[in-house]
Each structure stands twice: as structure tokens, then as C-alpha cells.
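2 protein chains.
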Amino acid sequence: MKVVVLFSGGKDSALASILLEPFFDVELVTFAFDGFKTDKAARQAALVLDHPHRTIVFEDELLEEAIGMLLSAGYPRDGINRLHGQALEILSQDWEYLADGTKREDRVPMMTPERVKSLEDRMGVHYIRPLAGYGSRAINALAARHMDFETRPSELFPASDFEVGLRMALEERCGPQAHARIFPKNHMHTRVTRRKRI
Amino acid sequence: MKVVVLFSGGKDSALASILLEPFFDVELVTFAFDGFKTDKAARQAALVLDHPHRTIVFEDELLEEAIGMLLSAGYPRDGINRLHGQALEILSQDWEYLADGTKREDRVPMMTPERVKSLEDRMGVHYIRPLAGYGSRAINALAARHMDFETRPSELFPASDFEVGLRMALEERCGPQAHARIFPKNHMHTRVTRRKRI
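Residue numbers (the working numbering), protein chains in the order written: chain A, 1 to 198; chain B, 199 to 396.
Next up, chain A with everything else stripped away, as it sits in the complex (with noise of 0.2 Å):
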């Protein structure tokens, strides 16, 4: 059976991949906007995980929509929701198995109970959070016996999510300090370096 899994390069991602692997075929699928390379820091992970990785653009109408999400609300949630249902849903179009690294304590990305029944139930799918009955704690144990990752601010970009994304296409139409406004300050990403076979 095949398993596509949302993939951003980190960590969470890279950890819901390894514990599919045995039970999967995993496929991994970076989501990126046109003209913006911000998949390079996933493809890299994905050889470093040894799973087939492709890129798929984003239509940039909803990029214009999750930027005008952002700046009415003035935070990143709801157009980071956005992206990431809108992400699952064409995922559903080629895959039946779809997955991503959401973990028990995440609050954005999420999808709510109703719209994970609606996507299964309209699509044909099963949607899979490996890492949904997973602490924090418990992911950060296995993840450091399965790989080696670094942790870098945002602002350097050094993954592949959508939140990525988005930074950058503000940054391009409101000026550089206009994700300040919407993104918090100090956040960190991960960015898997090695594979670690035990």
C-alpha cells in the first residue's frame, strides 16, 4: 500500500515517514508557490530519507487568498489551515493513503474532526497522523535515534512548510518587516541532515 506524506524537510515530517515505512511505500509531496523555491530544504531531506519526493505548486489564487487571510486576521492560523486542507484535498485526488507530521500537542496545522470525516468520506481516503499519539517529548527521543536534524530560526527559511511559504511571499509584497507583524517572534524550524539506520 502506498502512503503519500505531507513533507516539509523537519523533523515531524521526517518521523511520520520513518514510522510509516515499514507498514507503507512512502511517497513524500512538498507543496511550494510559483516562484518561490521553497522546496529546496525538502528535497534534500528526501534523498537524505531515501523516499521518492516530487513538488507541487500551489495555484496562485490561493496563495492570494492565504495572504489576504493573513493580513486580515493578522495571524498566520487560518491561512496556514487553509493551505494545509487545500494540500490534503489534491493529495486525495492520487492517493489513498495520505499522511503528515501533526503531532498530539500541534494546534496549526489542524484539521477538525468534521473536516477530516468530510475529506475521507467525499474522497475515498484515510487520513493518517502517525504522530497524533505521540508527546513531544516521546517524538524528540525518537526522532534523535532515527536522524540527525538542525534547528534554525524561521526568518532563515531552512524547511520546506507552508509557513515558509507564506513568510516569503509577504516578505516580497509587504516589505521585509511585514511578517514580523503576522508571524511570531523566535520560532524555530527543523531541518533533517542524516538518516540514522539502527
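None of these hints come from the bench; they were simulated from the model. Cβ coordinates follow ideal geometry from the N, Cα and C atoms, glycine included. A couple of the hints might just be wrong.
Here are the simulated DSBU-like pairs of lysine-lysine, each with C-alpha atoms no more than 30 Å apart in a straight line [what the hints assert, rightly or not]:
(1) A:K40 / A:K2
(2) A:K40 / A:K185
(3) A:K2 / B:K394
(4) A:K196 / A:K2
(5) B:K315 / A:K117
(6) B:K200 / B:K315
(7) B:K238 / B:K394
(8) B:K238 / B:K200
(9) A:K185 / B:K315
(10) B:K200 / A:K2
(11) A:K37 / A:K2
(12) A:K185 / A:K37
(13) A:K117 / B:K383
(14) A:K196 / B:K394
(15) B:K394 / B:K235
(16) B:K383 / B:K238
(17) B:K235 / B:K200
(18) A:K196 / A:K40
(19) B:K394 / B:K200
(20) A:K37 / A:K196
(21) A:K196 / B:K200
So these bits of chain B aren't anywhere near chain A, every CB distance computed over 12 Å [stated by the list, open to error]:
(22) G233
(23) D248
(24) T253
Once you have looked at the hints, place chain B on chain A.
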């Protein structure tokens, strides 16, 4: 790393064990009440899964407390949650990683997020729910790939979960029809009968 899985002999706790196997040394524990041999199904299923298994007998006072909760509430939720929570407390004294087979759609037994945090912080343990991120249909598909199991009415005591023990104790104390007033009708339990090695 060792993990102990709260094990009933049914499909869900068996699949939870199978999902953990590639990453942990799995040990299975079943809880029973003194005088009720409810652990037989779990012991047989543990042999099928080929993992070490032990039975822990609850204190008599806990059974009395749980039966009291059932009779005063008129439904089994609170009593089952009490046993489940206490089982995790007991396991947390000897293991660092604890797991069970509770699923995304499960409501009983279920730890609240606050109780999970309390357990993990007080006891220095990690509580893992391998099936928390899987829907029932995905679990059924995975279970069918990895095991054969039979599905039988709860009245026949086919598994070794808390409900089976409570039904037996309630019947002994309050007569053969007592559990019909407390437990839902037509409830089914599963029991693993064969492991498929794929």
C-alpha cells in the same frame, strides 16, 4: 527502548503493538480482577503476536470502586475510565514508554489531555497512542493485512478488556441481567487468532 502495551487480545491493541514493533521492544500487559480469569484471551493472543506477556491483578478495592461507579452512573464510561487511568498509573511505575490501542474515534476509555500531561509529568513517562491518528477504516484495513481475528458478542467474554471484567463482576454481584442495565446491547469484541507475516 522498551514499551509496554495495555493489551486486551483484541484487534486494536494488537495493531498498536505491531505498529510499535519496528521501533521498540514490545511487552504486553493485561489487567484482571482477582478471581476472574479474564486474561485468557489476551494470553492466547500474545502468543500469536509472539511478544512477552504478563497479567497484573487489580486491587480488590479498585474493582469495588469501579462497580460502584457503574451502578451509580447507570452507564460504564466512568468506571472504565477509572480502570484505564489506574492501569496506566501502575504501568508507569515500571516502564518509561506506555501505550494502548485507543483509536481516533474512541470515546471510552480515554484520558483527557490534562490527565495525560499529569501522568507524563509526575511519573516521567511517555504515553503513546499509536492508533490515535488512524480512522477506523484505515485500522481495519491494516489489521486485516497483519492478522486474522474473530468478532464475537461481548456477552461471550471473547477478549480481556476492562469491559469484560466489569461485566463478569457485575453479573456475579447483581445477577445475570445486571450488565444489561449498564452496558450497551449488541456490543462486539475482537480476538486475534493468527499473525500474518508479510
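Query raised in the report: Looking at the structure, which of the earlier hints fail to hold?
Result: none
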